[in-house]
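Given chain A, put chain B in place with the hints provided.
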Amino acid sequence: MTLSEGVQLVAFGLLAIMMLGGALGVVLLENIVYSAFLLGGVFLSMSGMFILLNAGFVAAAQVLVYVGAVSVLILFGIMLVNKQQPFLPVKSAWVGKAATGAVCAGLFALLTATVFKTSWAFSPEMPVGDQAIVEIGKHFFTDYLLAFELASVLLLIALIGAIVLARRELIPDTLPGEDESEALQLPERPRQLVSSVAANTSDSDA
Amino acid sequence: MQLEYFLLTAAALFCIGVYGLVTSRNVIRVLMSIELMLNAVNLNLMAFSNYLDPVGVNGQVFAVFVISIAAAESAVGLAIVLSIYRNRDTVDMEQFNLLKW
Numbered sequence: 001m002t003l004s005e006g007v008q009l010v011a012f013g014l015l016a017i018m019m020l021g022g023a024l025g026v027v028l029l030e031n032i033v034y035s036a037f038l039l040g041g042v043f044l045s046m047s048g049m050f051i052l053l054n055a056g057f058v059a060a061a062q063v064l065v066y067v068g069a070v071s072v073l074i075l076f077g078i079m080l081v082n083k084q085q086p087f088l089p090v091k092s093a094w095v096g097k098a099a100t101g102a103v104c105a106g107l108f109a110l111l112t113a114t115v116f117k118t119s120w121a122f123s124p125e126m127p128v129g130d131q132a133i134v135e136i137g138k139h140f141f142t143d144y145l146l147a148f149e150l151a152s153v154l155l156l157i158a159l160i161g162a163i164v165l166a167r168r169e170l171i172p173d174t175l176p177g178e179d180e181s182e183a184l185q186l187p188e189r190p191r192q193l194v195s196s197v198a199a200n201t202s203d204s205d206a
Numbered sequence: 001m002q003l004e005y006f007l008l009t010a011a012a013l014f015c016i017g018v019y020g021l022v023t024s025r026n027v028i029r030v031l032m033s034i035e036l037m038l039n040a041v042n043l044n045l046m047a048f049s050n051y052l053d054p055v056g057v058n059g060q061v062f063a064v065f066v067i068s069i070a071a072a073e074s075a076v077g078l079a080i081v082l083s084i085y086r087n088r089d090t091v092d093m094e095q096f097n098l099l100k101w
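As they're listed, the protein sequences go chains A and B. Just so you know, the numbering used here puts 57 at position 57 of the first sequence, and the rest follows in order with no gaps. Just so you know, the numbering used here puts 30 at position 30 of the second sequence, and the rest follows in order with no gaps.
Same shape as in the complex, but just chain B:
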């Protein structure tokens, strides 16, 4: 097994996440794309931890932190989506013009 395979997979997953983040119209799909990107970063951290720092396992500690932050982000993000949906009655990203001038 090679480190490069894991890094390439993580890069592909991250790029798919970026594409979904920019092109999605549905807010919930945007949140899912963010989760995909966070997972790609986690895979990178774990691959580095296994191949470059197998005794110190610093990468695994970082991955646990990223997982907890991602859970918090997802909860707050969905709460914001619900709140906007109640006010605007839509989930279309193109119709959200809050915070614009």
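Next comes chain A alone, as it looks inside the complex:
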């Protein structure tokens, strides 16, 4: 990356503000549709961070997979599970929230202390930049080959599993000996054939 130090710092600050503000919105906003769109913003600013870290390929993968697939999937989930129900108030829910907030703040303080206490072994070499995609390909087909193949198998399993879990079960209401021609059909209006529709319109025109 051939940006000057100040430009990098300003870009990092903007991206960090966008990311943390969006994340707070995702967690705290009441309307879940706003949360889903803010999640897309978080993913986009994350890919900007990846570009700042000299990783163009992973930034592109982030935009493709997260912004393009996961955000849309979550929006579809919200639309399919569109239930406007007020949640029943739980007794003394604020205790749990306060305890969780305290634990999270403590975790953040611990991580901060660790980050500043550790002496990192910085590498003096320059980052490979756009050659990283060649290096990633070499890694995929040499030392990470088993993990790569396992990831592909896992994606296939997840695909089939998602279909099996989400598809509607059509259980017949009648016993196997009885008439079961109606029970296995989805409740939907009978489709009109295109030719009959055309005949109807021509009839109405006449």
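FYI, nobody ran anything at the bench for these hints, they're computed from the structure. Every value quoted in this text rests on a predicted model; they were computed, and no experiment measured them. No false leads were slipped in.
These stretches of chain B come out as covered by chain A in the derived footprint (C-beta under 8 Å, 3 or more residues):
#	stretch
1	8-20
2	24-38
3	52-63
4	71-80
Example chain B residues on the side facing chain A (calculated, C-beta under 8 Å, incomplete):
#	residue
5	L3
6	E4
7	Y5
8	M46
9	A47
10	S68
11	S83
12	Y85
13	T90
14	V91
15	D92
16	E94
Selected chain B positions facing chain A (Cβ under 10 Å, derived; list incomplete):
#	residue
17	N42
18	S49
19	I67
20	M93
21	Q95
The beta carbon of each residue, even a glycine, is placed where N, CA and C say it ideally should be.
Frame of chain A; chain B shown alone:
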């Protein structure tokens, strides 16, 4: 640019994700919080890859694996949410008492 800035941002994002994971009532918001945590881990991996291992880029390979696993997790998670919603007719985490005794 410093490594510590990226690590601090990732830590803050992870903590926000943990808070949302524990306190959310809506199942879909829980899934979103999990995505936030996975993204924070990815940012950590990329920062280490850039500053500590700039030639080997092992961190970028790990991040690509994490992204693919996250996509699979999100698909299966939403399928489970849909299935539970059909059976229970609610998305409230407090009313899911499956797998409890």
